[in-house]
Amino acid sequence: MPHLTDYNLEEDFPELALSGWRPKSNPSPDYNCIAFALHDTKQIWSYGAIRVRGYYWPPGVKEDDSLKSWMQVYEIHGFRQCDNANLEEGIEKVAIYVKDGEPQHVARQLAGGTWTSKLGLEEEDIEHNTLEGLEGDKYGKVEIIMRRVRR
Amino acid sequence: MDMLTITGHFSGNGELPVTIDTRGTPLTSVSRGTSGTDSTFTFTVNQEVKITLPHREEPSASEKKFRTLADSWRKETRYLSSINKKAMHPAYQQIIGMGQEAIPLILQDLKRTRGHWLWALFAITGEDPASEGSTFTEAVDAWLNWGISH
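Line by line, the protein sequences are chains A and B. Each residue of the first sequence is one higher than the one before, counting from 1 in the numbering used here. Each residue of the second sequence is one higher than the one before, counting from 1 in the numbering used here.
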């Protein structure tokens, strides 16, 4: 699939060029990384300081952009924090990237061990070989790994 | 005949701003790129063609300001996943600050990109035509319908 966007991901995420990646979708404004990590490509999971309709935030999760709230979103979907991103048979993992103490991005591990991510609110899905591929000044570093039984 | 490459932008309604009469012979290469802000076209021509340029009105000061701010907002918030953070960007807030004059420009951009303008429209108008529980796609449609009826 051709890369349809006008920006150069490898300039913005230099580690991607080293570790390898592939575009997996066209750009879409209809979902974000939090949703995509939970296999939802129909909704944007994002709290808003003003309650404009068109965005979803799970009931019961504190309405803020804190790491604790992002982790809680995954906890209510069966994920629990774990200590490594290794591939384990029958286990699905998500990784939360954190910069300056705030969560920036979530990637989901595929059954083959690579990772998949929806970039931003309006860009594309990519498959990246390593979590380090998206680390840097945009998303910071992976600080939290969570796991659940693959469904 | 030498090769000639023509590059430009699609107009706001997604149509080519130029008419190209190839006199029945297909162009050798046509590509359309998309980005967050503009759609571009590139033709490679190795045949005789007649190109008609459109008559274009000079964009208004508001339109220029909106376009500059919108471009900056898109570029600088490209990788943000949170609508809260994306909408708090200074350029987006300046667009909200333009008030009523920004509404037709926002709706035009929303129609073209289906991007994240709902917050700005809500902030300026105080209205929310989307139904409770709407997906983003449904909410965009509701706003575009709102634009037609206003």
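In case anyone wonders, no lab produced these hints; they're calculated from the structure. Treat each hint with caution, since some may be false.
[Stated by the list, open to error] Below, in silico cross-link-like pairs of lysine to any residue (SDA-like), each with a Cα-Cα straight-line distance of 20 Å or less:
| id | chain 1 | residue 1 | chain 2 | residue 2 |
| --- | --- | --- | --- | --- |
| 1 | A | K141 | A | E102 |
| 2 | B | K85 | A | R51 |
| 3 | A | K42 | B | A142 |
| 4 | B | K85 | A | V98 |
| 5 | A | K138 | B | N145 |
| 6 | A | K138 | B | I124 |
| 7 | B | K85 | A | S66 |
| 8 | A | K42 | B | M98 |
| 9 | A | K138 | B | K111 |
| 10 | A | K138 | B | A142 |
| 11 | B | K75 | A | S28 |
| 12 | A | K62 | B | I124 |
| 13 | B | K85 | A | V52 |
| 14 | B | K111 | A | N26 |
| 15 | B | K85 | A | E63 |
| 16 | B | K65 | B | I124 |
| 17 | B | K75 | A | P27 |
| 18 | A | K62 | A | A49 |
| 19 | A | K138 | B | S72 |
| 20 | B | K75 | A | S66 |
| 21 | A | K42 | A | W57 |
| 22 | A | K24 | B | R78 |
| 23 | A | K138 | B | K85 |
| 24 | B | K85 | A | D64 |
| 25 | B | K85 | A | G101 |
The hints, checked one at a time:
1. K141(A) with E102(A): Holds, at roughly 11 Å.
2. K85(B) with R51(A): holds, 14 Å
3. K42(A) with A142(B): holds, 16 Å
4. K85(B) with V98(A): Distance ~14 Å between K85(B) and V98(A) Cα, so the pair holds.
5. K138(A) with N145(B): violated, 36 Å
6. K138(A) with I124(B): violated, 30 Å
7. K85(B) with S66(A): Given that 20 Å is the threshold and the Cα spacing comes to 12 Å, the pair holds.
8. K42(A) with M98(B): With Cα atoms ~31 Å apart, K42(A) and M98(B) exceed 20 Å; violated.
9. K138(A) with K111(B): Not satisfied, since the Cα-Cα distance of roughly 29 Å exceeds 20 Å.
10. K138(A) with A142(B): Answer violated: K138(A) to A142(B) is near 33 Å, above 20 Å.
11. K75(B) with S28(A): Judged against 20 Å, a Cα distance of about 15 Å means the pair holds.
12. K62(A) with I124(B): violated, 26 Å
13. K85(B) with V52(A): Roughly 14 Å separates the two Cα atoms, so the pair holds.
14. K111(B) with N26(A): holds, 18 Å
15. K85(B) with E63(A): OK: K85(B) and E63(A) at ~13 Å, within 20 Å.
16. K65(B) with I124(B): holds, 17 Å
17. K75(B) with P27(A): holds, 14 Å
18. K62(A) with A49(A): OK: K62(A) and A49(A) at ~12 Å, within 20 Å.
19. K138(A) with S72(B): Judged against 20 Å, a Cα distance of about 16 Å means the pair holds.
20. K75(B) with S66(A): Violated: K75(B) and S66(A) sit about 24 Å apart, past 20 Å.
21. K42(A) with W57(A): Roughly 13 Å between the alpha carbons, so the hint for K42(A) and W57(A) holds.
22. K24(A) with R78(B): holds, 17 Å
23. K138(A) with K85(B): It holds: about 13 Å lies between the C-alpha atoms, which stays within 20 Å.
24. K85(B) with D64(A): Holds: K85(B) and D64(A) sit about 11 Å apart, inside 20 Å.
25. K85(B) with G101(A): Holds, at roughly 15 Å.
The structure fails to meet hints 5, 6, 8, 9, 10, 12 and 20 from the earlier list, while all remaining hints are met.
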